[in-house]
Amino acid sequence: MEVNTVNSAVMPTYTRSDLAFVRGEGAYLYDAEGQHYLDFCSGVAVNALGHAHPHLVHVLKEQAEKLWHCSNLYRIPEQERLAERLVAASFADTAFFCNSGAEAVECALKMARKYHDAVGQPERYRVVVMNNAFHGRTLATVSAGGQEKHTKGFEPLVEGFDRVPFGDLDAARAVIGPQTAAILVEPVQGEGGVRVAPSGYLPGLRALADAHGLLLIFDEVQTGLCRTGCLFAHEWFDVVPDIMALAKGLGGGFPVGCCLATARAAQGMTAGTHASTFGGNPLAMAVGNATLDVLLAEGFLRAIHHTSRLLHAALEEVIHLYPTVLAEVRGLGLLFGLRCIVPNTTFVTALQKAGLLTVAAGDNVVRLLPPLVIGENEIEEALDILDRTCQQLARGHDGVA
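The sequence shown begins at 3 in the numbering used here and counts up one residue at a time.
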């Protein structure tokens, strides 16, 4: 059920369900009446370690008693530490911290322009982007994403994006010209329908970028930080970018964004070229480091592979049992998409009523984004809810969307 926002002081830019949570623990959220919900939304891939993770809570409390904010006018030791750890674990040489995925993508876009300006090619500013992409809600990032539901009414959009079908190397090659600066792509399109890049596609984009002197930018805001079973999704494809946008899981629920880059790509980003008032402050960086403590721990990725295999096999069985409700399971690691026969919004609502929180995506897909620390008992509970909900929808819809 949707909330009536007519008398609310909150700007009505969200379609909210009539739920309000008062606390969370592990994979569960609780409302004021004590009703629990199994959270397979995770704040749309943000609560990577679930709710109220003891290590994150301890570090947050400890830092809150010392220093919250002091401005990037001064050195921030925890920021330097987090940058060093991310660089050591990735392709990158340098990191810029901000507050969100959209800001991280904005930084990447600015960096691509600044790079070409620095090497004497200021005419190169255009970026090849993909159909059904999602890169954020700022004016530049909705222009990059290009989906009408996000851009309508905000025209004229930011100019400089050349859009091609996701997965089509020939189309990308065809739009590259003397003004092209970069290629921007999600290794897995999340909001666009949990579409995994086809085999050879990302390496092909890397080859195109190298051949034409472009920068390759990966948007790993949703897929990064172990969500797909590797620290970064591009590791599955044996390819590295020049620039990468991160956020969501990096703060485990606290707003943290990051743009990682090679020294070559970032050579134009000198003092005064970019900034963020709140980005990288001591409180955010303490939480970011605490999150990395868990994500980089021995055996963490191995546990994700185990639970991912269990869940994927079970979801394939659900698809087989209810062909009039669900058509396909997609994804990598613990980023799953169920392509529906029934309307995906109907499925999300029915699951919520049964106690399982999920989130819709494009192409009539429902995303399952459990905490990365999800256990087998919670998986069994989720599968039981999925089974009961599919039975109900199969009887009620008779396979008609």
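Keep in mind that the hints were calculated from the coordinates and are not lab data.
Mixed in with the good hints there might be a few duds.
What the hints assert, rightly or not - So the derived label-pair ranges between C-beta atoms look like this:
hint, residue 1, residue 2, range
1, H214, A305, 30 to 36 Å
2, V160, Y32, 39 to 45 Å
3, A305, R87, 37 to 43 Å
4, H60, D172, 24 to 30 Å
5, Q37, A305, 25 to 31 Å
6, D33, R397, 24 to 30 Å
7, P56, E330, 35 to 41 Å
8, Q269, V160, 33 to 39 Å
9, E318, P14, 52 to 58 Å
10, Q269, E383, 38 to 44 Å
Glycine included, C-beta positions come from ideal geometry on N, C-alpha and C.
ask   = Going back to the hint list, which numbers does this structure go against?
value = Violated: hints 1, 3, 4, 8, 9, 10.
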